[in-house]
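Novice: Kindly produce the complete structure, drawing on both the sequences and the hints.
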Amino acid sequence: MEYEAIIGLETHIQLNTETKIFCNCKADSWGEPPNTNICPVCTGQPGVLPVLNKAVAEKAVLLATAMHAEVRRVSYFDRKNYFYPDLPKGYQITQFDRPIAIGGYLDLPMPEGYTRRVYIIKLHIEEDAGKTKHANGYRLIDFNRCGVPLIEMVTGPDLRSADEAAQYLIRLRQLVRWLGISEGNMEKAHIRCDANVSIRPKGADYLNPKTEIKNVNSIDAVREAIATEIQRQIREVEAGREIHAWTLEWDEDAGVLRKMRSKETEADYRYFREPDLLPLVIDDEWKSQILADFPELPLERRARFMAQYGLPEYDADILTTERALSDYYEAALQAYNGDPKRVSNWVINEVLRLLNERGLSADQLKVTPQYLAMIIRLVDKGTVNTSTGKALVVKVEDTGKPPKQIVEEEGLAQVSDTGALRAICEKIVAANPDEVEKYRGGKTSLIGWFVGQVMRETRGKANPKEVQKILRELLG
Amino acid sequence: MMELLRMEAHEIAAAVRAGKLSAREVLEATLEHIASVDGIPGSIGDDPEAEPDKIHAFITLTAERARAQADAVDAKIVAGEDPGPLAGVPFTVKDIFVVEGTPSTAGSRILANYIGPYTATPVERMEAAGGVMLGKVNLDEFTFGSSSESSAFKPTPRNPWDTSRVPGGSSGGSAAAVAAGEGWLSLGTDTAGSIRQPAAFCGVVGLKPTYGRVSRYGLIAFGSSLDTPGPIARSVRDAALMLHVIAGRDPHDATSAAAPVPEYLAALEKDVRGLRVGLSPDYFRIVRAEGGELVEEPLPAEIKQAVLDTAERLANMGVEIVEDVPMPHNRYGIPAYFVIARVEAASNLHRYDGVKYGYRTPDRVADMREMYRKSRGQGFGLQPKLRILMGMYVSAAQYSERYYQRALQVRTLIRRDFEAVFDPEGKYRLDALLTPTTPTAAFPMGAVYGDSVLMQYADQLTVAANHAGVPGISVPVTTDADGLPLGVQLLGRDFDEATLLRLARAVEEGAAFTAKV
Ligand SMILES: [Zn+2]
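For the record, the sequence lines run as chains S and Y.
Each residue of the first sequence is one higher than the last, beginning at 11 in this note's numbering.
Each residue of the second sequence is one higher than the last, beginning at 11 in this note's numbering.
Calculated directly from the structure, the hints in this document are not laboratory data.
Quick caveat, the model's predicted, so the values are computed rather than measured.
Even for Gly, the Cβ is constructed at its ideal location relative to N, Cα and C.
A portion of the hints provided could be inaccurate.
[Unchecked claim] Which bits of chain Y does chain S cover? Going by a derived footprint, with three or more residues having C-beta under 8 Å, they are:
(1) 111-122
(2) 127-139
(3) 251-265
(4) 395-408
(5) 510-518
[What the hints assert, rightly or not] Some chain S residues flagged as far from chain Y (calculated, every beta-carbon gap over 10 Å):
(6) P50
(7) V58
(8) V84
(9) R89
(10) Y124
(11) R126
(12) V266
(13) D278
(14) D286
(15) I358
(16) L364
(17) K405
(18) E483
Specialist: Below, the structure written as structure tokens:
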């Protein structure tokens, strides 16, 4: 029998606000000692009250808008009551029945060519809890993470394969970075993901019991864990066994899923309105302020790059992985005012390499889009040859000097003077009688070697086409 | 010394600011008086019957801290600076407020060892205004009660008018302290009447401001949507003075209001002529559920008469008295309160789990759950446990619609009662309602305690203001046949404490009542 997987993802996105959601503690405690970014409010001391950090609401509005969700004018905070040592108040402040946004979807263009639309069934703001660690028979608690702002976003059961699930996370990560609302680093738990997985015969319209996979903290892990679970469920069903609603934990090192606890009944969290916070009102004025600089989204920009500039899908995809890179590309293209594909090649090959090597983002480069356009122009005009042009990209980045200045200072301008080149070529030919003989004897591939000798003599500045022409003449 | 103690707080502040009295001198006189009347402070496991003729208002007397504050006030005077409107006025704080460096116990074993790491906003404001904090006074455990007897700290406060009687509650230590001259002012809290009822029982003035008027930051929460900090004082003027200091927006409390804070003392000078004050038959009876039936009981004649006499005196001052004002949903105030306050309380008490601070069971435990169960089981007294049980029950998913959501609807209806009678375009156009504060005078110790439901009905005349968020004030007007004080209550419009205080001042002026001290 052929099966299809039914997958829904529950993600928690850690927002990159300066301070926590309800107090003035620093939000990001990555790498800091335990319990150093805490205060009476986020450790749940008696008598404290939460005060909403407005930046959290603003970032949620950005994400909701990007997900095509409707932003509620009035939403509410609720208490989710449960006991856990790293939950200092004994309840989590979250949004339950009137969250900040309703509905929404994300389109996933798949490498195979189709697009999967994933619906969003929940999008709300909440606070994070602390971290518990077991050591030497003790339970150690770090409250640094308490009150770190999160957006919880849950998809419908709309994903059909482990690859689609991975693609969702890739696109989500791209989107949150694009919007500037989260660092989106899964290894640092900026995006956390639980996956609900079930299978059914292909084409069936019912849902089977699902399992929930927790603790998957990279995109590869999500893909692997889901694929593993799909295979397990198929084996179980084929063997005539039932699927139980287990909660599973992904052990990344061993590559196996472990059963955590059975989850047949939902806990009662006794939700009720948080009386310590006023309703969150996002009126038109505030909303338009938040959305004033709302960017073109990655998929829209990707489509536009293909339509407007005639770029291949491959180029458009790479150029839109990060907002800064796509902005860079467009600025360079505008400054260059020529063939979009030519600029794309330079960005994808030279600029991207530089970014990767140096761990920079495109907006941090000293080779500004304008400088890049100048460099390409210098190559176009033959002032420098291509390899000098590529070297220039690095030199400009290293020095911050304008490309032309470097060309002048270092004498990098291409030697195209036929007389000078002819003299050098003659010298090379004269100095290598053996090779000349071989060439004339039919080994014409040696032309490349001769060109290389001339280039070396000119420290790379010779116009290779011109050199080849002269050499053929001399050797001919 | 008694002469000094009989001065009003605004007179003390004026004398200190003028250099006629030193803050230290005022403080030492007060401390001496406390030493003579208060007896042993409440402590865990002590004898509830100890020193039955003393007041026992305090849990923690912070004399050295107070001396440092008084000296700082005096130093400012010497330096030519103004220490503020409460210059040198000793005050007490209900031990439901967290104060940095002092035990902040909520009257519970579970917080008996808790030292505050920060200071509650209203306390901070009083200290910044030159007030001198004497210490923390006793209360019902987590404010759950109307007699202060449920405190884990024994002996619990006694009524200065008759120490065999309760001072009321939950701000019983506050009212008893102020009535007995142990400090001029006390910061209390009112969730269903917890400022007004003890004020009435002890013959002092108790003001529950509008919800949001005074910051709750640092108030250990009971029913967060109802809790309101407010002043207890020996005179309306002193209550006005204190309210002005503690009122106003606080960035630490999202529910605190940005409404401007008027000059309350100046408002007292205005004439009450032409103000409209209503009397409601719904405040002259107690309605309670008994075996599924609603039982209606009229108030004792003395209580009703005190209100009618007050109305007559106000009428003589030119106030228009409007009779037969309907407040039809007042009778549902208690049942709705049972549900809402308990749901909020159960959740607010979640944090006391033995993990981070407070009481943790010394017993060996097998696991986390047992640690929770034992710590909470041993740390909480009967009243918190009752509230947790009921709060958990009525907020459970399957009952929430039936109880909690309905209670919230009732609350809206109660609010509408007030909106209707205060509507300037409406039929009644009231500036205030005049009602009794309590259905009885102070009851004997041990009398009603333990009967939780009946005790709660004592709040029927006060709780509606908490549901609606409107301000209310209790003013002592007379004494009953047993010589116990009786108070009347004025309920007013949102954020219009100024009018309320103005009327309260008129009531106080006309009343034949002499303070205990
Ligand atoms: Zn904090």
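Novice: Examine each Cβ of chain Y, and state whether all of them lie more than 10 Å from the Cβ of S:R89.
Specialist: The assertion about S:R89 is violated, with a minimum of 5 Å to chain Y.
Novice: Quick one: work out the minimum CB distance from S:I358 to chain Y and report holds if it exceeds 10 Å, violated otherwise.
Specialist: 49 Å, holds
Novice: Would you check whether the claim that S:E483 is not at the interface survives, using Cβ distances to chain Y and the 10 Å cut-off?
Specialist: 84 Å, holds
Novice: Checking a non-interface call: every C-beta of chain Y should be farther than 10 Å from the C-beta of S:V266. Is that right?
Specialist: Consistent with the label, S:V266 stays out of reach of chain Y, its closest Cβ about 27 Å off (over 10 Å).
Novice: Confirm or reject: S:L364 is not an interface residue toward chain Y, with every Cβ-Cβ distance exceeding 10 Å.
Specialist: Holds, since 46 Å exceeds 10 Å.
Novice: Say whether it holds or is violated: S:V58 keeps its Cβ farther than 10 Å from all Cβ of chain Y.
Specialist: Answer for S:V58: violated, closest chain Y Cβ roughly 7 Å.
Novice: Are all C-beta atoms of chain Y more than 10 Å from that of S:V84?
Specialist: Check passes; 15 Å lies beyond 10 Å.
Novice: Should the label of S:R126 as a non-interface residue stand, given a Cβ cut-off of 10 Å to chain Y?
Specialist: Given a closest Cβ separation of 34 Å, the condition holds.
Novice: Looking at S:K405 again, its CB stays over 10 Å from all of chain Y?
Specialist: Per Cβ check, S:K405 is outside 10 Å of chain Y; nearest 52 Å; holds.
Novice: Three residues or more, CB to CB closer than 8 Å: is that satisfied between the stretch 251-265 of chain Y and chain S?
Specialist: holds (count 5)
Novice: Please confirm whether S:D286 is truly not at the interface, meaning its C-beta sits more than 10 Å away from all C-beta atoms of chain Y.
Specialist: 5 Å, violated
Novice: With d taken as the least Cβ-Cβ distance between S:P50 and chain Y, does d exceed 10 Å?
Specialist: The claim is violated: S:P50 sits with its nearest Cβ about 5 Å from chain Y, within 10 Å.
Figure legend: structure checked against the earlier numbered hints; hints not met, in rising order: 5, 6, 7, 9, 13, 14.
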